[in-house]
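Line order of the protein sequences matches chains R and X.
Under my numbering, the letters of the first sequence match residues 336 to 701, in that order.
Under my numbering, the letters of the second sequence match residues 269 to 628, in that order.
Careful: at least some of the hints might be erroneous.
Claimed, not checked - Here are the computed distance ranges between Cβ atoms for each label pair:
#1 X:ALA327 - R:GLY520: 43 to 51 Å
#2 X:ASN460 - R:ARG579: 39 to 47 Å
#3 R:LEU353 - X:ALA326: 22 to 30 Å
#4 R:ASN480 - X:LEU626: 53 to 61 Å
#5 X:MET564 - R:TYR498: 40 to 48 Å
To be verified - Which chain R residues stay away from chain X? Per the calculated CB distances, all over 10 Å, these:
#6 TYR393
#7 PHE416
#8 PHE443
#9 ILE461
#10 ALA465
#11 PHE477
#12 ASN480
#13 ILE482
#14 VAL610
#15 VAL611
#16 PRO613
#17 ILE620
#18 VAL686
Treat the hints as calculated values from the structure; they're not laboratory data.
A virtual CB, placed ideally from N, CA and C, is assigned to each residue, including glycine.
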Amino acid sequence: MPIRLEPRAAASRWVRYLAPVASALAAMIAGTLLFFFIGHDPAEAFYVFFVQPVSDLYGLGELFLKTAPILLCATGLAIGFRSNVWNIGAEGQLILGAICGGSLALAFDSVQGWWLLPAMFLAGGIGGMAWATVAAVLRVRFNANEILVTLMLTYIAGLFLSYLVYGPLRSPTGFNWPESTAFHGAARLPRLLDGTRMNAGILLALGVAVAAWVFVRFSYLSYQMEVGGKAVNAARYAGFGRNRMIWLGLLISGFCAGLAGVVEVAGTIGKLREVVSPGYGFAAIIVAYIGRLNPLAIILSSVLMALFFIGGEQAKVSLGVPSAITGIFQGTLLFFLLMSDLLVSYRLTWVGFASNSAEGGGAVDG
Amino acid sequence: MIRILMRCVMALVVAVAVMGTHSANAGDPLGVGFVYFSPVGDTGWTAEHDKGRLEMEAALGAKVKAKIVENVAYGPDALRVIRQLAADGHKLIYTTSFGFMDQTLEVAGLYPDIKFMHLDGYKSAENMGTYSLRYYEPSYLAGMVAGATTKSDTIGYVSSFPLPAVLQIINGFALGAQAMNPDVKIKVIEVNSWYDPGREREATDALFAQGVDIVAHVTDSSAPTLSAQRTGKLVIGFHSDRSKFGPDSQLTAVIPVWGEFYTRVTKTVLDGSWTNAPIWDPMSAGVLAIAPIGKMVPEDIAAKVMKRQAEITAGTFHPFQGPIKDQAGTVRVKDGETIPDADLYSMNWYVQGVEATLPE
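Looking at chain R on its own, in the form it has when it is part of the complex (with noise of 0.2 Å):
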């Protein structure tokens, strides 16, 4: 190829922050054409898109509704990729979340204190990290891969839940149809707003997304994480155990995870089924990165995530595209901030067809 990457000498700290502001941008706009190519007007696609989803107080409420449990497990993920702790699984730490906290609801059913609420949200914190840590553990002890093991055990918490809710948590009274009894009101998240279905789930995930903010800002532990995951060498030169990392990152990661179970069973849902989640524990992976694992600008990425997942729906109701729509929106987004993040790091270079490759020394083929 006549093309060649080289490394920049030194990558501008403001493109680096709008490379995924650039990356958001350049998919929304794929993403018209691609509506345009299959016969919409791109205009009105991109209205009933990214605009008519929102476009009332209750599409708003929805918007929130939805970013409250990625904007959780994104958080968490960006503390544990910040330390190269690769966490795939948040999904199926969320599902267990959902299930402890789910579960606390369902042994309380005749509780009205106050305290029952904050027990669910810890049952299920508890329970994502006690998912992750099956993980922890096989890495630590006999070095298996995590992205594997996290990804794996998504897959055993859903089957999990489905036992569940066929068998031993299925309501009484619901002719056997795989659910539990709802919720009562104790063990519910209030709605914020009349008229909305937005309930305190987003404020809990903006105040954990603020404290992992001034976690990864402030404290000492989250530095010595970073240089952990970056630079295992210096960091074990320092004294800072490689493996206490790994612990540390999968069980931030799992426990923000299972929060997001609880604030989608006690909010959004209102009982345990078989799905609790279509995809937000993935999903938040790629919210992580175009956050730039900043947990101030994941709250916007995650918001960004929502509206893609709302859009899409809409987009399948007003024009009739199928729903792969939002997936193949998520992937775009993933595609452009890749190249972005490239492009930031690199450069390209025209070499001329005659060069041969001998002369490329360090740089990349592209």
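Model the placement of chain X on the given structure of chain R, informed by the hints.
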């Protein structure tokens, strides 16, 4: 940087507010919305509903304007879809799967002027009715065909979930089969899914390997039919006439006729006679049928089945007519009695001769 992004978001919000909402057009035809949980395919559950929708549109012409939304996931996200159909001015909305129950109920509460019809659920409201079909009736007839045809005296059943609605179908089938051949046993395998071609095929092959010569199913794919066609065995189709996938293997099939149903109910909304009374339609309402009986079935048997069908639609025969014993031998329906609807509705037992265990 964050401030700039925040400003962008604020600008977007303001722009959104300025553009305002686009209002629904309350025109002359009745807007009818359909919510499907899966894409409209060639055969199966959603395909049959959509076929019914098209027949309804053809029958009612310019008086209605239908809109479908396919592949809507169960659970909280369905609410936005149903609500959007309501907000867009549809005055009658069919949600065609149990999984939409809570969301249909919630939207019904928000739009008291709109009629909602929810399939197979047990919750209703002033403006929300439920509808279901008595599948056990055609299932009994299909059972007669299978019972008269089997040479192994054992018929396989690929089941989905042990819900009352499914148990009615399998029990009705078993009773029909035993009416033709008292020795018939039914072996059940549950695949824990409504639609999973892979597992349905595995279950069908497993049943054939255990020596059954006919498989029936309460799942939604054509995998059992294809499997029977490939191995030279026989099959009872479900939800659709699947004879094009099993020209030599399909004995008959249990099929809904939604066109009849949707036309009738939509008319009641048009003329104002709609009520929220639960609908549980029998074959006599023209909403259920069995597919043409295959040519491998002797004519005298086919004639017996058609005679029984006439008795069922005339109301002189009920498939759950006593005496009926359950697996343990306990009498569930006494001689000379027929099962009350309430017991059918909450059915949690198998009739004698069905080999399967139910969860406690």
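Consistency of the hints with the structure:
| no. | hint | in the structure |
| --- | --- | --- |
| 1 | X:ALA327 - R:GLY520: 43 to 51 Å | holds, 46 Å |
| 2 | X:ASN460 - R:ARG579: 39 to 47 Å | holds, 41 Å |
| 3 | R:LEU353 - X:ALA326: 22 to 30 Å | violated, 55 Å |
| 4 | R:ASN480 - X:LEU626: 53 to 61 Å | violated, 42 Å |
| 5 | X:MET564 - R:TYR498: 40 to 48 Å | holds, 41 Å |
| 6 | TYR393 | violated, 8 Å |
| 7 | PHE416 | holds, 20 Å |
| 8 | PHE443 | holds, 22 Å |
| 9 | ILE461 | holds, 24 Å |
| 10 | ALA465 | holds, 25 Å |
| 11 | PHE477 | holds, 32 Å |
| 12 | ASN480 | holds, 27 Å |
| 13 | ILE482 | holds, 26 Å |
| 14 | VAL610 | violated, 6 Å |
| 15 | VAL611 | violated, 8 Å |
| 16 | PRO613 | violated, 6 Å |
| 17 | ILE620 | holds, 20 Å |
| 18 | VAL686 | holds, 35 Å |
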